[in-house]
Amino acid sequence: VTTATPKSICFVTNELFPIQAGGIGRLMYNFAVHNANLGSGVRIWLLLPSTFPADALPQVEAIYAELAVVHRALPLVGRSEQLAQLVARLPQESWAFDRAYRASLEYYLALLDAEQHNGGPFDFIEFPDYGGWAGASVAAKRAGLAFHKTIIAARLHSTLGLIAHHERFYHHPSSWLGYVCDLERNLLERADLVVGHVPGIAARNAEFYRFGPEWRGRVHIEFPLLTRDELDDQDIRLNPSADGDPSFIFSSRLQPFKRPDLFINAAIGFLEATPEYTGAFRLVSYGWDQDYIRYLKDLIPPTWTNQIIIIDKVAAEERQRFLRQSIVVVPSDYESLCLFAFEASILGQKVILNRRCEAFGSFERWIDGDNCLFFDGSAEDLARVMRAALSWTPRSIVDTRADPPYWTLRRRRDEHPAPQPLPKTSLVCYGFGSVAELNRTALMLRLLRLSDIEVHIFLANAIFGGDTSAARFLEANGWNAHFLAGYGHQPEQFGRRLARLDQEILVLLPYGFQLHPQFLAHARQAMAQSPNLALCSSHVRVIDPEARRAHGLRLYAGDLPSTAMLENLVTPPVAAIRRSVLIENPFDDRARSYWFEAWTRQLALRGHEIVIMPSAEIDALHSDDGIANSHRLTGTIIDDVGIAAGLPARLIAAEPKGVDNAASRVQRHDIANSQLRSAIQIWPASREIRNFALVFYRGDLDGLLVHPIGGTPVIAQIAGPSGAIRRVDAAVINAHDGNRGIEFALAVASRAVTREGLEALARGATLPGWALSPWTRLEPQHRGSVALVCMEESSTANSLLLLSRVPKNGTESCCHAVFKDLRLMMAPLGL
Amino acid sequence: MGEMTTAGFGFNEARDIQHAHTHPVLDRVLHVVHAHWHGVRSATACAPGLKLLIPHEEHLDGEAMRHVYGLITKFDVRKIVFQSYSDIADTLARDMKKRLGPDVDLYVVTHVTSAQFEHHFEMRMLSLIRNAYHLGVFKRIASVKPNFTSIVPEYWPETIINYMPNIGLEFDGMMFDPSAVFVPIENTWRKNLYTNILAACNTEGIERIYTVNWPSALETLADLSRLQLVGYKRGLDLLTTLGSVSAVLAVTLAECQPMTQLEAFALGTPALTGPLGLAEFASHELTRVCEVPHLDNPALISQYLKRIIDLRTSDPAALAEMIADYNQLRARLAEERYLMLLDL
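Chains as they are written, first to last, in our numbering: chain A, 98 to 928; chain B, 614 to 957.
Just so you know, nobody snuck in bad clues.
Which chain A residues stay away from chain B? Per the calculated CB distances, all over 12 Å, these:
(1) Pro115
(2) Asn134
(3) Asp152
(4) Gly217
(5) Leu351
(6) Thr375
(7) Ser459
(8) Tyr503
(9) Pro745
(10) Ala751
(11) Arg880
(12) Ser882
(13) Ala884
Cβ-to-Cβ under 8 Å is the rule here; a few derived chain A residues that face chain B:
(14) Val532
(15) Ala533
(16) Arg537
(17) Leu540
(18) Arg543
(19) Ala567
(20) Ala573
(21) Arg645
(22) Ser775
(23) Ile779
(24) Gln814
(25) Ala849
List time: in silico EDC-like cross-link candidates among lysine to aspartate or glutamate, alpha-carbon distance up to 16 Å:
(26) Lys846/B / Asp641/A
(27) Lys394/A / Asp409/A
(28) Lys919/B / Glu817/B
(29) Lys846/B / Glu534/A
(30) Lys919/B / Glu820/B
(31) Lys752/B / Asp716/B
Hint data in this document are derived by calculation from the structure and do not stem from the laboratory.
Quick caveat, the model's predicted, so the values are computed rather than measured.
Every residue, glycine too, gets a C-beta built ideally from N, C-alpha and C.
With the sequences and hints as input, model every part of the structure.
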């Protein structure tokens, strides 16, 4: 076994001392100082996000000049990579998956830049455990796209997942919270090395996230160097208030898991028991949630507002002065280390800690009665311990000896597995509705120049059966033809046929998508490198069919379990699949058009490994509003989770959030002005009724004029889109001041437009398959709208009918009835 | 790849160059075409040269104009062809002549027939072109419609021949549905949709009729159950649809050199039209089998359709050779005429 001394490490952080006040920024500084003190020779990189204030950089660079290389990430919008460009163009205010993923993509691309500047791969990249910032980098490593020789480390600070668990009844549930919790867990699960400060916290993470002994084997515990630069500048002598009773101080952030409420309630208990006590109970800190701070203030009865004081805006020196003269209370339910408690002890102060917090109660450096006092986690006990602290004197200060950091240790040189041969792979194309679609795919396949990949094309008998030319065509191209029964809408049959293909990897490619040339190579390489990988895919570009440019992006999440529970984001319909997984997990006909999404979501929830490469190597050829979902699908999957967990409660009782995206409900279809030009007069049947045209396009108003005549409505017809029209809205104008009002209506015919149907409409009646809106009356020169709610549907031949008529007591002269801006709402396909 | 310019301008967008022919000299010609006039844009997309897409509604701002001159300088353009005309084209052409002077020659190629003059716009544009020609803005004005001098005497007497798309080898040997036809025409009087649909409906062996427009009310007379409305298609979707059917039906009342036909030919699919009056192709066998002499006669169109489909089934090689020969002739003539027009 050979060993090697590391040469470089890159820390990913958004906080850096002295620009930000938090403990993590301090830790970063301490790491760099520790590294320099040890003379390790390891080059430290600090990777900052693009949002790090640019004007602070010169100061940072000066302070770290001898300590580290500071690298600020380029913002995605300023990068040339296609994926970065497309992500940057997504709406900024989105709370969709991109909101959680963006930062990880920025860090991933910046790490590649930093690697270049470093002149080679880093030995280590260390991510914090919170924020989900490692998502793209971990995926890249798992897929073999980057960081082959780099150890990805995760440092246990505090995940939002754990904090949210401790901050019970506080967090508003959201899919965004799910994404972040999933991404955090994903890093901890996949990191090569997990670094903790306190053994009990590592155990807490293992228990909470249900990681087994293999994970515990990857954990390295080390105590970081605590520098005292900031403290050294100050007068560190204890300075208890000269007269009166001692004060207590809470100086953590005003945030639920720090438990300022315990401090306040203990103070109330203390003062109610001894009203004559004159010492103060100060909360000297800040918080983000004004509603929570208001709740804290409301806990304090007016009697004690002079002694229980929340001071949320205070200068650093003032805070130090309060700290020095007070007994320090840290009631947090959860901490991963708490630099603040250590600093207080170093200064010789009395420190009261929550025993239930593992970073205190389970850490051997904290000794009850010796260097601190523990309370049992309740306000009553805290009040008791506060009183005890008055007569207690610390016998020692807490042990803060630092361990040598892991990046300075010689380590066994990891053996990088020899590149595996690419697995035998089949490309499976299906879902063709016409010869044209088959030809379109054929073009793409030829351009992909597949040399060592078998191509299998599945055709539906109902479309291609009874004609041998399709089979001959595929054979002539060296592709294998398979025929599926009916329209091919039997996923179980399809799955069984796929399972019989004698190849290890199957790449599914339904019609409507195309692959970039490198996709197959990347996906196969990923599957070869990671034998446990069940599925692999990439994000999807949405191509404008006319301009053939990418105008949108669909991001996918891979094996993130909360996300899989709620959304169809596991993989796009194009994915490389390990055949053995398909054999063990069949498709399900009952999921109907969502069979693939149901299958991938169940795989992710069962713990199968699924990676989305941080790239966009798939194109969707036909744009729509996004990734559809359904309450029935999601409700069933959530219910499965409950049943698998053995709950007596049925989760199908809860209506799922997070599925109410536009695509899952309706698709909007606008009929633009130019399409209105194609309208024709269809009723009355004769065009020779007046000496002017009744139906024509009014270019000046960008709308269609449908001039009513006395005695009968006038009806214009335009072809509607295919599918289930649910609602039609139109803007209407009475465009002339010389009439006595006009009435407008809309109708849809989902069958052939027949004379009988038109006669019925003219009478105000509808035949089966027809729908007519209420009539809307507009006075001269008025604008309004007409709406038709419609439950009829047709796959091919919807017609939209625009009707106008002369109202009772009206006259037909100057009845300039104009329809414009038709908006159709189409029901989604599927469940 | 194309580069986008400001104010609705486009330059060498993918669809304007990917199926273009190439030529060492003609490649340096700049074609100016309206982005939203699809037929003319399709014709221009097949020609060799640089493609500048202009809007036909909003006028140009100074930045856009400077960008255009930048492109002209960058690519050392000496010949500029306006493909069809608009008020914006007129402004641009006059400004170009003023700034570029005798170093750069300007031309117009129009794609209009007198049958379209019910749209008075067309006549107004021809009048603008003629005025500009007399002012010396244009060196020559030419048309893809034969004998256009009988309408505007100042026109160049030769006919410009449209290129068909330069289709890559990957399109070879596409599969087609022998019982499907495609009717890619608008529902207007000139385009004769009803007659074409009736012809397709009455042709034995046709099971699927793909149409981009619905022949409204025709169901009162005919069984339209084999009709499938597919809507307008562009780019690859259009090409693959054209290449996937047995024949294309576009027997319209008046045309110049319809691009749908040339696109179909480029893919090896026969396409029926009315008589186009192009002397250059009059004697070609493909013209004889694809040009239907009487236009409002569904039975005759049906007869032609049946004949061409039968030929495609019985002797596919002969038909393929006929189309390939026609395409070669067209490419050669298109190149010759442009070289002649531009004095190159």
